[in-house]
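*Asks:* Protein sequence lines, in the order shown, are assigned to chains A and B. All residue numbers for the first sequence refer to this note's numbering, where the first residue is 5 and numbers rise by one. All residue numbers for the second sequence refer to this note's numbering, where the first residue is 5 and numbers rise by one.
None of these hints come from the bench; they were simulated from the model. Take the hints with a grain of salt, since some may be wrong.
Any copy, or any two copies together, can satisfy a pair, since identical chains are not distinguished.
Lysine to any residue pairs mimicking SDA-like chemistry, simulated, CA-CA at most 20 Å apart [said to hold, decoys possible]:
| id | residue 1 | residue 2 |
| --- | --- | --- |
| 1 | K98 | F134 |
| 2 | K6 | V51 |
| 3 | K40 | G82 |
| 4 | K197 | P186 |
| 5 | K6 | S49 |
| 6 | K197 | V174 |
| 7 | K40 | T55 |
| 8 | K197 | T172 |
Number of protein chains: 2
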Amino acid sequence: MKIAILLYEGFTALDAIGPYEVLRSVPDWEVEFVAKQRGEVRTDSGVVGLTADRSLEEVGEPEIVLVPGGIGTRELMGEEEILAWLRRVDETTKWTTSVCTGSLLLAAAGLLEGKQATGHWAWLEPLRDFGAEPVGGRYVEDGKTITAAGVSAGIDMALYLVGREVGTEVAQAIQLGIEYDPDPPFDAGSPQKAPAEIVEMVSAISRAE
Amino acid sequence: MKIAILLYEGFTALDAIGPYEVLRSVPDWEVEFVAKQRGEVRTDSGVVGLTADRSLEEVGEPEIVLVPGGIGTRELMGEEEILAWLRRVDETTKWTTSVCTGSLLLAAAGLLEGKQATGHWAWLEPLRDFGAEPVGGRYVEDGKTITAAGVSAGIDMALYLVGREVGTEVAQAIQLGIEYDPDPPFDAGSPQKAPAEIVEMVSAISRAE
């Protein structure tokens with residue numbers, strides 16, 4: 005299975021690296037990081053870069069494409085080169101996937117029209133502008149599209165995808181390998197669980213971005 | 005708070021990027037990725053690199069140092085330059101931390117002697133060779149040292165550290181921001197929870213590495 009993970013200036017590192025760590029652990033699966041040009045791509049924080057080994061045009065027909073989210077999506081949603089590439093690879097993918105606000109990129113490319121989709125909880129409604137139906141859930145499968153919720157949700161989505169493609173045992177082995185037995189010290193990971201004032205604060209920060 | 009995350013050839017990306025995504029979200033905290041030389045450092049899979057913006061000698065006195073794990077630790081445990089750097093920064097850190105087999109590097113540097121520590125479940129016993137006492141747990145605090153379990157455990161540790169340093173509210177806001185409401189599709193993230201044959205398989209792979 006060939007997997008292409010899209011990088012762009014201003015992506016969120018964990019959106020990409022969470023699912024990468026799962027997908028790259030499947031025997032014979034090949035992950036490639038791709039970007040407009042080969043080379044370093046800086047994350048949203050600016051303090052670290054990841055290397056894309058392939059440019060968009062060098063990518064053949066990946067069976068899985070994964071689009072991370074991040075503040076950089078804002079600009080990218082208007083870049084026809086990116087949107088056209090997403091439409092092009094989607095024609096032959098087995099799975100077209102996103103994490104966090106990466107679903108807005110898929111939506112802007114026209115790939116979520118009439119589909120149920122999710123994304124970061126603070127950025128669900130804009131999906132409607134592109135004809136998608138935003139729904140809750142850690143990840144949402146509709147046809148060959150799987151969209152994951154915010155940032156860390158890509159790990160759960162990737163484990164699901166591995167389980168679906170190569171079976172429960174491989175997915176469990178990978179989960180054990182990355183010791184993914186989550187035990188956060190707080191229980192504030194969703195707007196339903198976090199204290200109301202925290203939800204309001206994070207919503208305000210998201211709106212101001 | 006200045007934070008230095010050590011990169012080296014063969015580190016595991018999620019070990020570094022999980023806690024980075026939490027720590028870099030704290031207002032006024034500054035994360036730097038450091039390595040022997042500035043520039044790209046390749047992960048254990050070889051398919052992606054992260055950029056270190058600082059060389060070891062350029063690092064002043066970070067208040068938090070974080071050492072990720074990965075197959076590359078094997079070689080690094082014998083590299084005096086790295087071990088000496090860890091001892092040097094540890095003299096003035098507020099917190100010296102690791103994820104996964106990063107604890108073996110701290111141990112090899114002599115920084116876990118007489119301390120309780122954890123790491124990847126398959127690599128706990130070797131900690132004894134360096135005078136540390138391996139214990140279970142998602143992360144283990146002993147004095148100013150915090151060691152986390154395998155790979156994904158760095159996210160939990162980082163949230164704990166943020167809660168401890170700047171309070172529950174900031175940690176909760178970050179948890180909500182990265183939508184860390186984990187819901188893995190399987191419950192196999194620890195050797196206590198995974199089916200016995202999966203544990204045996206992953207142990208065998210670890211031993212063969």
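*Asks:* For each hint, tell me whether it holds in the structure or not.
*Replies:* Hints and how they fare:
1. Taking the closest pair of Cα atoms, K98 and F134 never come within 20 Å of each other, the shortest separation being 22 Å inside a single copy and 48 Å across copies.
2. Only between protomers do K6 and V51 lie at most 20 Å apart by alpha-carbon distance; the minimum there is 12 Å, versus 29 Å within a single protomer.
3. In the homo-oligomer, the alpha carbons of K40 and G82 lie at most 20 Å apart inside one protomer (14 Å), although the nearest pairing across protomers, at 40 Å, exceeds that limit.
4. With identical chains, the CA atoms of K197 and P186 are at most 20 Å apart both within one copy (16 Å) and between copies (12 Å).
5. Within a single copy, K6 and S49 get their C-alpha atoms only as close as 29 Å, which misses the 20 Å cut-off; across copies the closest is 15 Å, which meets it.
6. Proximity of K197 to V174 under the C-alpha cut-off of 20 Å is restricted to the inter-copy arrangement: shortest distance 15 Å between copies versus 31 Å within a copy.
7. Taking the shortest alpha-carbon separations for K40 and T55, both the intra-copy value of 12 Å and the inter-copy value of 18 Å come in at or below 20 Å.
8. When the C-alpha separation of K197 and T172 is checked against a cutoff of 20 Å, the pair qualifies only between copies, where the shortest distance is 14 Å, while the shortest distance within a copy is 29 Å.
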